[in-house]
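Let the sequences and hints guide you as you build the complete structure.
Mapping of the first sequence onto this note's numbering: residues 6 to 601, in sequence order.
One thing to keep in mind: the hints can contain errors.
PhoX-like cross-link-like pairs, simulated, lysine-lysine; straight-line CA separation at most 25 Å [said to hold, decoys possible]:
(1) Lys73 with Lys58
(2) Lys438 with Lys114
(3) Lys273 with Lys438
(4) Lys458 with Lys496
(5) Lys114 with Lys355
Read the hints as simulated data drawn from the structure, not as lab findings.
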Amino acid sequence: MSIETIIQDATIEAVKVLYGAEVNKNQVQVQNTRKEVSGDITIVVFPFLRLSKKSPELTAEDLGTYLKDKVSIVDSFNVIKGFLNLDINENYWLNILSDVYSNPDFGTKEVSDDSDLVMVEYSSPNTNKPLHLGHIRNNLLGYSIAEILKANGKKVVKTNIVNDRGIHICKSMYAWQQWGNGETPENSGLKGDHLVGKYYVEFDKHYKAEIAELIEKGIEKEEAENQAPSIVAARELLLKWEAKDEQTVELWKTMNGWVYEGFDVTYKTLGVDFDKIYYESDTYLVGRDEVLRGLDEQVFYRKEDSSVWADLSGEGLDQKILLRSDGTSVYMTQDIGTAKMRFNDYPIDKMLYVVGNEQNYHFQVLAKLLDKLGYGWGKDLYHFSYGMVELPSGKMKSREGTVVDADDLVEGMVKVARDMSAELGKLDSLSGKEAEDTFRMIALGALKYFILKVDPRKNMMFNPEESIDFNGNTGPFIQYTYARIKSVLRKAAGKNITIDKNLNLSSISAKEKELLKRISLFPAAVQEAGDNYSPAIIANYCYDLVKEFNQFYHDHSILGESDTSIMNFRLMLASAVGSVVQNGMKLLGIEMPERM
RNA sequence: GCUCCGGUAGCUCAGUUGGAUAGAGCAACUGCCUUCUAAGCAGUAGGUCAUGGGUUCGAAUCCCGUCCGGAGUACCA
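Following this line, the structure appears as structure tokens:
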């Protein structure tokens, strides 16, 4: 039981005994005592004034006296205005250490048979272009949230829906046919996804030129966008593909194959993975059947041009297209099919979609459509909606090439890590392979932490020149502190100093107690992160802890301490900080180097 | 136009279910490497929490208005 709960329960009891009134748990505000004030835990007594009919000070005195008498871990108290500051017995804090020491998974809950199963969909790439910075945020958030949910005792299935078909794919295919000259990853040396992306950009270039030409001839803009030869050809390809035309399907397989090879490399670098992959090309027909069934059951309707629509105006939403007039599927069609397949495949309690906030509307509609089709899943969907990554130059647009490419970004950061290490004279003793692995860990740590430390819901700014930082509130700072802790532990082991779990101390310093308090908050941070789907809570927790430790480390000697019981305690403290931070960073997908 | 999200230091971001004097990092300036790793530590400076009202013992936090920014808004995905 957490200290917060203990104090809350005791306070509820105190109010009942002293004032004969019932209060519920969230009326009892328990918080950490401000640093400048003496005490460990503070109770805000303002909410009880109504019940005590006394001044804040007297009410706090009443409660403080009661708690001191009845709760064994409360040693003493002081009162400042309406704030009751309790001093908690040191042994309570010291016990945290043995908790951490004896439990490598400190802070995480175990999965049981009756745990909820949460399916987390993330990544969901289109196979017509390489991954960029926006996808990185998606992938990192998805992976991290899955880890955080596991740590909260959920069964998790990580899934990826690959958008491997559709008009956008046909655009790359058409462009490659027209202007590709048989270029392949092998003969060009280009990574497969980059090669295909090149032709997606190529398509857009020609398409734009054609539109301009048509407008020149006096054709209306909208009409020109519809009639440009490139788009007409791409549409034809889509029709041929849906009709399973052999040549088209063959080209599609080849080009998608190139993309998958490329994606595998990027996923591996980012350290993300999936338990189950769905392909839109398998799910869109299921979706189309569902839409047609809905049409039969008059849940949806058909327009004169034979396109199929859902009318959601009764639910405060709009009309939504489900099948185009030429009978081909849209994004929504396949999402219905994918949902059906997933709920057939797994006993899903909650379905989490990690998808950008630009699709908020899409998911509102999806939930409603599933309900209309008679499934109860609409309520089990949760759109984890994260903000966009913005560049100083504005929004990223793949077609216009104004993107920060994922592979380039990572390689760039590895280079910076390498150069910085050389400059600082670090890692010179390591072998080339070990050093290179560490550079990657640092580079990825910097990138992942930078992205995950901000509130997922908010848009964030990424300045390629300025954002890459290894000092201050960054991944490398946390990794560095961890490496120093490991270094101390190595040196202790070298001197044959072993840690004795049985602490025997007369007193501990304020900094040491502060560290113990912070460590004790880790399980609460994990839970909060899970409740709010927010890796940022873990990131900022880890930073605070590490910052605190660095201050401690600076002015408390560990191995130089002559009193062996104090040295033993500090070693244990350092070790605990190390493992908590490691556990925390693991939830963010960040690896910790033994030395750096 | 309508709907949703956001606005905290020069910049990037924290800020617990409303609580005490709003916090970090970066950038600037000042100290500290014969001392367990200086990717560090200590310090100075930097704020009308967009803005105007309201709710109350108490508001960056909750409610309403205004301004600014972003996203979405019927055959892109």
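To see whether the hints hold, each was checked on the structure:
{"no.": "1", "hint": "Lys73 with Lys58", "in the structure": "holds, 22 Å"}
{"no.": "2", "hint": "Lys438 with Lys114", "in the structure": "violated, 36 Å"}
{"no.": "3", "hint": "Lys273 with Lys438", "in the structure": "holds, 18 Å"}
{"no.": "4", "hint": "Lys458 with Lys496", "in the structure": "violated, 32 Å"}
{"no.": "5", "hint": "Lys114 with Lys355", "in the structure": "holds, 18 Å"}
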